[in-house]
Amino acid sequence: MAIMSFITVSLLFSLGLFTVLTRRNAFKTVIGLTLMESAVLLLLISWAYIPDGWAPILPLKGGGVDPLLHAFTLTAIVIGACDLALAFAFIMKLNKFERTVDVDVFRRLKG
Amino acid sequence: MSEPLLAFFYFFILVTAFVAVFLEDLLSSFIALSVTGVLMATVFALLRAPDVALTQAIINSGLVTSLLLVAYSQTRRTPLPSEECPECPFWLQWPSAALVCTLFAVFLFRGLYSLACVRELGSAPAHFLANTLEETGALNVVAAILLDYRAFDTLGETTVIFTAVSGISLLLAGGRYVHSGRGLSFVVKRGMALLTPFILLYAASILFLGHLTPGGGFQGGSVFATVAILICVVYGTSFEAARISPKTKETLESGGALLFIVVGLSGAAWGTGFLANLSGPFLPGTPGSLFSGGNMLLLNLAVGLKVGAGLSSIFYAMIKILELEGDSWQS
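If you read the sequences in order, they're chains A and B. FYI, in the working numbering the residues of the first sequence are 23 to 133. FYI, in the working numbering the residues of the second sequence are 7 to 337.
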């Protein structure tokens, strides 16, 4: 079970990294960032899982899974959504000046 | 939990992620990304994390997709030149990136593999599972961690949301509001009017039962924001702005932050510390009833107000520009 999750996490994360490295469309970069974030969330939740554990809602009928990692993941999801919204605002603002979403064109700060 | 089922979902997560990355059409890749989010939520539910599954389904695959679509519709796209750049040799383009990413995946897997062992609960999670009921009076351990044991973190998290909302409002300010769309057809408007009370009821049940069942302020607030977004889409922006003005949203957001601080300070005034729950002025109540868990109901309400108002004002700030006349505005 854990091995399967680890394979998925590594593939998903490197797929996101590949997208960020190669795609020139800013929206594709955001998609890559989302995939990397999803990989991290999946790693945390699969690490919190304990075989035959119960969901952390009391009363438990046996051992429970790790509730602390669930709380961390919840925080990460909300903050990730806010980050993505800010990224969209930046894309929209840059698009207004440059009329494109090609990240190679955004070079005004280049010295 | 059955492993073949989990393997099935993992496989389709990877397939939809590949589709989202390699499809040329942006709109289709957004939809594929949303499907990835829903599959992730299913996997979270299978891995016994109902709170996280609910949050993932509502926020990551619902709200983020709608924001993506708004940002997509707001941008002008000149056709991109082909992905190859003429100066650099071919091997330095995607093949080298693919090589780097493959090596990265291999080493990441090797590192994670060495972590694989028989998992046991650490001392802190075991303490939370064993003592949440006596120490906080809540039944949902994740909500108890978020709003009691680590409530200060949650205050910081709401500050992050506030910062994001401020940044987006600052970036997208200056567009003057010229005209509003008339919304969708009559049938959709009537249907939306019939549906709204039930969606609000759902949001309120998630919000106020957060200390008993999976859910809480973040998820309930996001569903409230979804109602505002739906009204925006179905009736047009000016209707939404007239009913729930941006000023009201600001007031609600500040009110949520103030409520959180006041609840925290009441513990300090009691003499037991900032955000003290049962050791402070709050009563545990009967476990399982609505009024239990001390200050958790109030804190869920505060977080819900903040998240709902914040996310709906993000959407409003983004869609406001869409409604403007093409090039008639400068900033």
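Hints listed in this document are in silico derivations from the structure and should not be mistaken for laboratory results. Worth double-checking, as some hints may not be accurate.
Keeping only pairs whose Cα atoms sit at most 20 Å apart, straight-line, the calculated EDC-like set for lysine to aspartate or glutamate is [stated by the list, open to error]:
id	chain 1	residue 1	chain 2	residue 2
1	B	Lys253	B	Glu140
2	A	Lys115	A	Asp126
3	A	Lys83	B	Glu140
4	A	Lys115	A	Asp105
5	A	Lys83	B	Glu126
Covered stretches of chain B, as calculated for chain A (at least 3 residues, CB under 8 Å) [said to hold, decoys possible]:
id	segment
6	11-19
7	279-287
Computed Cβ-Cβ distance ranges for the label pairs, DEER-style [unchecked claim]:
id	chain 1	residue 1	chain 2	residue 2	range
8	B	Pro252	A	Asp74	48 to 56 Å
9	B	Leu98	A	Asp124	14 to 22 Å
10	A	Asp105	B	Thr278	42 to 50 Å
11	A	Val127	B	Leu176	19 to 27 Å
C-beta: ideal position from N, C-alpha, C; glycine also.
Hints versus structure:
1. In summary, the hint linking Lys253/B to Glu140/B is not supported, as the alpha carbons are separated by about 42 Å, beyond the 20 Å threshold.
2. This hinted pair checks out: Lys115/A and Asp126/A have alpha carbons roughly 16 Å apart, not beyond 20 Å.
3. Taking the CA atoms of Lys83/A and Glu140/B, the gap is about 17 Å. The hint holds against a cut of 20 Å.
4. For the given pair, Lys115/A sits about 15 Å from Asp105/A by alpha-carbon distance, which is consistent with the 20 Å threshold.
5. Pair hint Lys83/A plus Glu126/B holds up; C-alpha atoms about 17 Å apart against a cutoff of 20 Å.
6. Interface restraint, the segment 11-19 of chain B with chain A: holds (4 residues with C-beta to C-beta distance below 8 Å; minimum three).
7. For the segment 279-287 of chain B, the stated coverage by chain A is not satisfied: 0 residues place a CB nearer than 8 Å to a CB of that chain, which falls below the threshold of 3.
8. Between Pro252/B and Asp74/A, the C-beta spacing of about 50 Å keeps the proposed range 48 to 56 Å intact.
9. Leu98/B and Asp124/A have their C-beta atoms about 19 Å apart, which keeps the hinted 14 to 22 Å range intact.
10. In this structure the supplied range 42 to 50 Å is violated for Asp105/A paired with Thr278/B, their Cβ-Cβ distance being about 35 Å.
11. The supplied range of 19 to 27 Å is met by Val127/A and Leu176/B, whose beta-carbon atoms lie about 23 Å from each other.
The earlier numbered hints that this structure contradicts are 1, 7 and 10.
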